[in-house]
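A.B. asks: Okay, here's what each chain looks like letter by letter:
There are 2 protein chains.
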Amino acid sequence: MNFKINKTKLYNALMIVSRSVSSNYPVPALSGIKLEASSEGLKLTGSDADISIEMNLSNDIDEELGLSILEEGSIVIDVKYLLDIVKKMDSEEIQVEIIDGTLTRFSGNKVEFKINGYRANDYPTIDFSTPENHLNINAGLLNAIIDETSFASSSKETRPVLTGVNFQSNNNQLIITATDSYRLAKKVSELNSGEFNITVPTKSLNEVKSIFNELDKDLDVYLNTKKIQFKSNNILLQSRLLDGAYPETERLIPKVFNHTLVINRQDLINAIDRTSFIKTDNMSIIRLQINSKDDITITNKSQEIGEFREEMNAISYEGEPLDISFSGHYVIEACRALKSENIMIQFTENMKPFILTKEKNPEDLIQLVLPVRTYN
Amino acid sequence: MNFKINKTKLYNALMIVSRSVSSNYPVPALSGIKLEASSEGLKLTGSDADISIEMNLSNDIDEELGLSILEEGSIVIDVKYLLDIVKKMDSEEIQVEIIDGTLTRFSGNKVEFKINGYRANDYPTIDFSTPENHLNINAGLLNAIIDETSFASSSKETRPVLTGVNFQSNNNQLIITATDSYRLAKKVSELNSGEFNITVPTKSLNEVKSIFNELDKDLDVYLNTKKIQFKSNNILLQSRLLDGAYPETERLIPKVFNHTLVINRQDLINAIDRTSFIKTDNMSIIRLQINSKDDITITNKSQEIGEFREEMNAISYEGEPLDISFSGHYVIEACRALKSENIMIQFTENMKPFILTKEKNPEDLIQLVLPVRTYN
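Chains A and B, in that order, are what the protein sequence lines are. Quick note: the first sequence, position 119, residue 119 per this note's numbering, numbers continuous. Quick note: the second sequence, position 258, residue 258 per this note's numbering, numbers continuous.
Don't read these hints as lab results, they were simulated from the structure. All values reported here derive from a predicted model rather than from experimental measurement. Watch out, some of these pointers could steer you wrong.
PhoX-like mimics (lysine-lysine), calculated; alpha carbons at most 25 Å apart, straight line [said to hold, decoys possible]: (1) B:K156 / B:K87; (2) B:K114 / A:K279; (3) A:K279 / B:K110; (4) B:K293 / B:K360; (5) A:K279 / B:K87; (6) A:K110 / B:K360; (7) B:K7 / A:K301; (8) B:K110 / A:K301; (9) B:K293 / A:K110; (10) A:K114 / B:K156; (11) A:K293 / B:K110; (12) A:K87 / A:K9; (13) A:K301 / B:K114; (14) B:K203 / A:K80; (15) B:K279 / A:K114; (16) B:K279 / A:K301; (17) A:K7 / B:K279; (18) B:K352 / A:K279; (19) B:K209 / A:K80; (20) B:K209 / B:K227.
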């Protein structure tokens, strides 16, 4: 293997592919990026077994790549060193050449690095075959969906399927759900595609968000029951899916409400945020007492630290007085996902789940939070 | 105690005083800041026993302070909560009042916090009496001195006196020394003051640097054999000194040299930095081979990772060829402290300490580094 390439272009590509590589992975070769030089160009592959990324660099796609393949071949270089080497090279054109077995030389102007790589044959075979279901989704819309839901997924491995976001498609509707069983986010989108019901790891979706950030582009999405692929230009990101049936959540969402509050979103976020340092059992528990739209009190008490109290006004309130307590953190995250000036909070009673929505189009995105029992 | 004050002014003052407070200190009251309201104004005190800061706020010093003392008194509030409370208050004027025992209310417009404090009587008495030796030093000069030397002090507690910077004054010369016994920084300054020989903890000097950052101001410095005080406007920072005799370092600095290299400082930093990820026993060991000013090679080899090589040119070189190895990290830090375009490196032989200085005025600041034995 022997090729020349523009340093910055290679570095930017390696930065993307490296997002799928976790150093210290049990399979040593997987802590590296595979470089394959062929007549078609330079292919980069990275994987941590959950997520795999393949990127094809060629002068056809990028005129400024300056790729010239002097000899075909392939090698795997540890990502820990590869990024540093390429970044710190002293010239814009760099040359990469296998000089002896797996010893690979990176040379610039007056600088050269010789690094021991892994044989490409030792790199696990990754099945990048294209799954049968295809849909087309705007990257901006996908990123918004991820922002609006993924934070509600679980960070605990006790129920693995809850560490992902569920995508369910039927009747030209795409329903996206995330829950950690204390709160839930549900988004409904129109989408003309076949039927499927899959759960994508939240970690993979966060990588999708950071890699496909040209928001006005369309992504090709391919999926089956085992894996999902996101594809744009020369980047292919593939993620495994989470096994296990995603819980039926529809029945958890209350339909009848006795109390409806409309309030300025930022005011509520600020009030809860002010008191986030007052924690009981490592949780900031907010008590919300509503008598009328102009008589709303937020309090947070801790035996050890002290007490916080803020008077608030709402836009409107319908219903009897209410006294309810909840995790401040959950409500702040729900509010942040609802990007509208005012939000609507609908309650059934003080020990039943309540839902937060935008004031307008409340069906579009539902944030559900379970209250907390307190002994104030 | 009951007073009103401008929120931002109080917050900024608390940020400064909090630099001396380490939460989780064994004496609970020391994890707080003491607030004392009297007819003279508001006094803030923080301390972690090594460093203590006292700040006096009054309308005489700062017109925009808006301080009005409604009732004299004092309280200690945990710094963990105090900064958050003041920062997040919802109005520019805030009121602070002891309402019951140590329960203290912070109130803004529609927000109030009630926090349990500590009794001011439980706060240790800190002796802020003024030591007898006085000198006047420009804050910019002091910060430069700290930058040029303190990094060379030890971070290990095995020889406590080496965790500080030594200041020695006699014959109108101030000699500043820091060493971790593998490298040494020595600065010589003119200073008209009495004789002293003290070692100030590096940690304290770093706080001095970050607090007294109005570089065109003069600081009053007071010291004796036990403590040192830095004073400007209404801020007083006091640090204990390190016990024990500082080692005699003068005889360690070689006076006769057989090889003299003058080289561009940034080129050398870049070359060493490129290879800093190649480590042997967690140390990046650089081998420098000089044949002539235009035949200089920097290499770094690691059995495990690979090999780096860069060809360099110097401005000038006098002496026989030289082959020497050293810690890349130490030489980079020494180079960074020498703020001149070109630096001079003087060697005796390959297993003796070498010194780095500016090309011009080399006596002003000396950086000494011990070579490393290698088996290349």
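A.B. asks: Take the hints in turn and mark each one as holding or not.
C.D. replies: Results for each hint:
no. : hint            : verdict
1   : B:K156 / B:K87  : violated, 36 Å
2   : B:K114 / A:K279 : holds, 14 Å
3   : A:K279 / B:K110 : holds, 21 Å
4   : B:K293 / B:K360 : holds, 19 Å
5   : A:K279 / B:K87  : holds, 18 Å
6   : A:K110 / B:K360 : violated, 28 Å
7   : B:K7 / A:K301   : holds, 23 Å
8   : B:K110 / A:K301 : holds, 17 Å
9   : B:K293 / A:K110 : holds, 15 Å
10  : A:K114 / B:K156 : violated, 35 Å
11  : A:K293 / B:K110 : holds, 15 Å
12  : A:K87 / A:K9    : holds, 10 Å
13  : A:K301 / B:K114 : holds, 9 Å
14  : B:K203 / A:K80  : violated, 32 Å
15  : B:K279 / A:K114 : holds, 14 Å
16  : B:K279 / A:K301 : violated, 52 Å
17  : A:K7 / B:K279   : holds, 24 Å
18  : B:K352 / A:K279 : violated, 58 Å
19  : B:K209 / A:K80  : violated, 35 Å
20  : B:K209 / B:K227 : holds, 17 Å
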